[in-house]
Amino acid sequence: ETGVTQSPTHLIKTRGQQVTLRCSSQSGHNTVSWYQQALGQGPQFIFQYYREEENGRGNFPPRFSGLQFPNYSSELNVNALELDDSALYLCASSIDPDPGKSPLHFGNGTRLTVT
Amino acid sequence: GENVEQHPSTLSVQEGDSAVIKCTYSDSASNYFPWYKQELGKRPQLIIDIRSNVGEKKDQRIAVTLNKTAKHFSLHITETQPEDSAVYFCAAASNFGNEKLTFGTGTRLTIIP
Chain A
63 ETGVTQSPTH LIKTRGQQVT LRCSSQSGHN TVSWYQQALG QGPQFIFQYY
113 REEENGRGNF PPRFSGLQFP NYSSELNVNA LELDDSALYL CASSIDPDPG
163 KSPLHFGNGT RLTVT
Chain B
462 GENVEQHPST LSVQEGDSAV IKCTYSDSAS NYFPWYKQEL GKRPQLIIDI
512 RSNVGEKKDQ RIAVTLNKTA KHFSLHITET QPEDSAVYFC AAASNFGNEK
562 LTFGTGTRLT IIP
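In the order they appear, the protein sequences are chains A and B.
Residues in the first sequence are numbered from 63 upward in steps of one, following the numbering used here.
Residues in the second sequence are numbered from 462 upward in steps of one, following the numbering used here.
All clues given are correct.
No more than 27 Å apart at the CA atoms, straight line, and that leaves these computed lysine-lysine pairs for DSSO-like:
(1) B/Lys529 / A/Lys163
(2) B/Lys503 / A/Lys163
(3) B/Lys503 / B/Lys519
(4) B/Lys483 / A/Lys163
(5) B/Lys532 / A/Lys163
(6) B/Lys519 / A/Lys163
(7) A/Lys163 / B/Lys518
Here are some of the chain A residues that sit facing chain B, going by a computed Cβ distance under 10 Å:
(8) Gly65
(9) Ser95
(10) Tyr97
(11) Arg119
(12) Asp160
(13) Gly169
Hint data in this document are derived by calculation from the structure and do not stem from the laboratory.
Where is the CB? At the ideal position from N, CA and C, for every residue including glycine.
Chain B with its partners taken away, still in its complex shape:
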């Protein structure tokens, strides 16, 4: 089955700086890679996703890159703000009769004012 590894487990950055979170996956059939943000005591919320036919996707201060050959994908947050502080999860899924998301273990991002 799919295995998703996520690094780092914790990350502290100065407000205004950039943050990068990296994930690797094991199943070459995976073709959908979402990122979720989970604030303390709240539900995971989808912030951006990418499919395997695309190498990069941006949405304002957030971008995701995908390297299918190396089986890794990354989340980039630029000009970080205090409200970016949360736990971020990467995930992977394939469409070959596989109905589930396999999540990474999460990265706790802290923005230092």
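The shape of chain A in the complex, shown without the other chains:
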């Protein structure tokens, strides 16, 4: 069974640029959630995709957007990068959108640095 994989592992971008982060969900999982983890903080919910549709969004501006593909892999796109976007971006997959029904399995994350 393959776990959740994310790419790239590290990324350095300049303020104002755009970035795309990728996530392959664990086999058999149809739900992907994205979290932002700033240094020294807990993960914060960005949004969730379930069967290729956005299924909930946290308190993040519209320049954070996403996609889920038919194979349930997912992308997180961030436009007009700001310095505060520097963080670890975590992808988590599950077999049900409700975290109470299906535990989240996290990837190792993508460390994004915006300069």
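Given chain A, put chain B in place with the hints provided.
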């Protein structure tokens, strides 16, 4: 929305002693409370969880207790070992159309050999 507070932010205990981490939540609709362990540079990993119809759950050296009335839950680690050193996060979620986990700010646990 839900707000989860976690204490302490750092905790050092002697190897073999017990460690306790406490969290409070604000949304009375929350009914699922997982705990994650995150080692340096690694992914958060679920170590134990509890649902609101249960007051306590144990798994070997780890236990979680829940007080719904007071809206707080705690992680207890007994007979601590050096490999328990990590950052621990509590989280909360409800099932009323809420698909997200709300995390606490984390506790850095250091086990002193």
